[in-house]
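A.B. asks: As a plain string of letters, each chain reads:
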Amino acid sequence: MNDMNELKPHSRKLLTIVTEAALEPSLCRDLERLGAHGYTITNARGKGSRGKRDAGWETDANIRIEVVCDEATAARIAAEMQRRYYDNYAMILLLSDVLVLRPGKF
Amino acid sequence: MDPIILFFMLGLVAGLLKSELRLPSAVYEFVSILLLLSIGLKGGVELALQPFLGLLPDVLVAIVIGLLLPLVAFTVLSRLGGFKRADAASIAAHYGSVSVGTYAVAAAWLTSRGIGFDAHLPLLLVVLEVPAILVGIVLARGIFSDTHWHKVAHEVFLGKGIVLLLGGLLIGWWSDPAALAGIEPLFFDLFKGILAIFLLEMGLIAASRFGSLRQYGIFLVVFGLVMPLFGAAIGAVAGELMGLSLGGTMLFATLIASASYIAVPAAMRISVPEANPTLSLTASLGITFPFNVLVGIPLYWKLAEAVHAWLPG
Chain A
1 MNDMNELKPH SRKLLTIVTE AALEPSLCRD LERLGAHGYT ITNARGKGSR
51 GKRDAGWETD ANIRIEVVCD EATAARIAAE MQRRYYDNYA MILLLSDVLV
101 LRPGKF
Chain B
107 MDPIILFFML GLVAGLLKSE LRLPSAVYEF VSILLLLSIG LKGGVELALQ
157 PFLGLLPDVL VAIVIGLLLP LVAFTVLSRL GGFKRADAAS IAAHYGSVSV
207 GTYAVAAAWL TSRGIGFDAH LPLLLVVLEV PAILVGIVLA RGIFSDTHWH
257 KVAHEVFLGK GIVLLLGGLL IGWWSDPAAL AGIEPLFFDL FKGILAIFLL
307 EMGLIAASRF GSLRQYGIFL VVFGLVMPLF GAAIGAVAGE LMGLSLGGTM
357 LFATLIASAS YIAVPAAMRI SVPEANPTLS LTASLGITFP FNVLVGIPLY
407 WKLAEAVHAW LPG
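Protein chains in written order, with the working numbering: chain A, 1 to 106; chain B, 107 to 419.
For the record, the hints were derived by calculation from the structure and aren't laboratory data.
Among these hints, one or two may not hold up.
[To be verified] Lysine to aspartate or glutamate pairs mimicking EDC-like chemistry, simulated, CA-CA at most 16 Å apart:
(1) K266/B with E58/A
(2) K105/A with E66/A
(3) K13/A with E71/A
(4) K257/B with D54/A
(5) K105/A with E32/A
(6) K13/A with E66/A
(7) K13/A with D70/A
(8) K105/A with D70/A
(9) K257/B with E66/A
(10) K298/B with D108/B
(11) K124/B with D54/A
(12) K190/B with E380/B
Kindly generate the complete structure, drawing on both the sequences and the hints.
C.D. replies: Here is the structure:
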């Protein structure tokens, strides 16, 4: 019975943040404070309104942070990101619906 | 022509011609870690041979210069250059602080000519990294702002540069000189080869900055050339008055002339986020670093000689 429950998909939000690598330590603190149970960080490169960010130098490096969480947490994190970082840092936020098999983890 | 300078020029040319060449970032990281440790170790070994308290006046001079130089740069940038307060403060912090890469090239320049320099120069290098960062933040935000000073302190004192330089100094200082022979081949014998690879990458990085030069106008270019000359003059006179050797005076002048591109950009991005990081990095990496490496270093040697002849003692 328990196994059946585990395999039933539950809906969650996937919040993807692409931003400057310099922000990593403070973002990780923010995410934990705002209730994210975990996150995944990858190095990233790209181009956007703040020019080409090609990771050639430490200040030009980007990261992509992915957080799977419930809708309320996602909204809280998104609002805080906008308030604290949008004005001065290169940052984009993407929000999408995902299905997870182990809802307790997220 | 010194081969390490030719490596730098190879990087510059390859970068300007849009070559595919790029060092993997892990290699660059490793090479810069080796450079920082080598400089620290070398200083530590020689510092162990002399009394520590005698160095305090020189350390104080370095701190005072590190505090005053960004004030001069800030005034010039905001009054003459018309830069916004945050931008002027951030660029000023870059120019008040120092560049380890430039120091390494100058030290290699002296060594290959058989010219000695004072043992505590690496210590002064560490000391000079810090004050300008604090001045830059205060200039941008004011003393009583909501700056999280403990975060700033963490960023500044526990950054890669300070930890490795100071760590190397202490290891060199405390190590049994005979036992150091085992690590000498990596840190001392290979120094110039490592520096050559570092400069190849720096050439590529500097070339990638040239594109944004056009965007920011002639003032930044002129500032990036004149500020190091001004700094070198201050450094040469101070070095002479501190009683440094001729090589030491030249190296101190080079330090004051150099502009940071590692510790300060990282600290400014966190503490003064409204400052445009492209402005300060374009100036320090795109103009001042190549200028110091290609033209400045031999010039600062001539300057040290001239100051030595001019000032008695």
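A.B. asks: When the hints from earlier in the document are held up against this structure, which numbers fail?
C.D. replies: 4 and 9
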